[in-house]
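With chain A held as given, fit chain B onto it using these hints.
Protein chains in written order, with this note's numbering: chain A, 1 to 326; chain B, 1 to 117.
FYI, nobody ran anything at the bench for these hints, they're computed from the structure. Please read all numbers here as calculations on a predicted model, not as lab measurements. In this text, a Cβ means the ideal position worked out from N, Cα and C, and glycines have one as well. Be a bit skeptical, because a hint or two may be false.
[As the list claims (entries may be wrong)] The following label-pair restraints were derived from C-beta to C-beta distances:
1) B/S103 with A/T14: 42 to 48 Å
2) B/N16 with A/T3: 36 to 42 Å
3) A/T14 with B/T85: 30 to 36 Å
4) B/V111 with A/L309: 45 to 51 Å
5) B/G29 with A/L82: 17 to 23 Å
6) A/S77 with B/T85: 18 to 24 Å
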Amino acid sequence: MQTEVNSYLDEVRTHLHLDPHTERRVINELHSHFQEKMLDLEEEGMPKEEATAEALTAFGDARSIARLMYEAYSRGSWMEALISCQPHLIVAALFATHVWRSPVLLCGAFGAIMIITLLGWRNGVPNWLYSWVGYAVLPLLILSYLSFDPVTRTILFVMRGVGSPAPLWQLAVLAALYAFTIWLIASATVTVARRDWILVSLMLLPLPVLGIWIISVTQSEGFLLNALRSLESRFSRWDTAMAYFFVVLGVTSVLFIRIRQRALKVTAVITVGIIGGAAAARSIWGDLGFFQLIMVSLSLLLFLTIPFLLRALLWHDQRPKQPLAS
Amino acid sequence: MANSTPGYDSDLLRGNTDSLLLFLINEHGQTYGYRLIQEIEERSRGYFRFKEGTVYPALRKLENDGLIQGEWKRLPNGQERRYYTMTEVGRDFLRRKIVMWESFASAMALVMKPTES
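Chain A extracted, bound-state conformation (with noise of 0.2 Å):
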């Protein structure tokens, strides 16, 4: 009897989506609810067998149940709304005003932004908080690719023997950084994943323009630094598509919270990563032809639903059971 229920509400489990605690809640109100069905069934003189049938077929297609639940639970308050949409809408100011060539005023935003994500982190995952990660991340992988430049002499050196090769301790170092920042990533992103695949994808939505933006300017002045140092105003001209951007990733994040369909949050995700990711893209890289554009959504699809091919290969769907409580 047990079996039969556990399996049926590890289904249930496993289509829920939802944070550690509130699913929790749900399975053990439903759990409850088996219990005490399958004792009036037994006291009423059906077998304990057919009463854990009977019992399951009354409450209804465990995917069906979930998805109600899910609708149920998922949407956040305005407040949780409003709270996810501002590292949007911090960096859209930061690009709108110009200022993040300013080195405190962007240190600040982020500095900022890495503090409430790690309290957020530490305090169970919030809703809201999943917003926040990819901006709180930006800063490791930043410096990671700006310091690539002692790899790539020493890479130089050994390869071809050309140049020097870079101080040992400073390939240390180095080594530490790329080492601590892929760690930080792939764990922030298994243990979201095994929550929502969706999730992560919300997590990583600002990446890639940010990413594009980045090696242009780096492209440009060679160094990103040296853009943060300059105020010369060719390194605003994407300053306004940016800003736009990113106050449509405010939009998106605040639907994420109030919708209640996950099918609709899902598409609201991918279609503005891809969409606004690829107008972003021609807004920086100027003349992209039909072609070009298309391969820039397909590689944005291909990004973005990552973590829902990683959770398909790597856990097949299944959960790690948890034991409910008595």
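For chain B alone, kept in the frame of chain A given last:
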């Protein structure tokens, strides 16, 4: 929420589930999901039949809207059960719903009464 049954249009029950749940919670002062399911079936003499699992999302939506309040309680046998009570907002909402339903039902009855010719 409703299962398709030959007796009525399931949309009709779906649209009135909130009122049924609120009415019963209000009457009991404090009750829980399984009891509500049993009572709807008993009171309607088996007329209202639906997938039992759909009651819990409906209760959650009422809780989200601030119409009811849920609270976990541990029973003497160690089992935990979530009890629901009405809020003041819920009572006002239910009062309005009952008035609306009575007016609607009597208007329907008046219109659908066969004319004497």
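For which of the previously enumerated hints does the structure constitute a violation, in increasing order of number?
4 and 5
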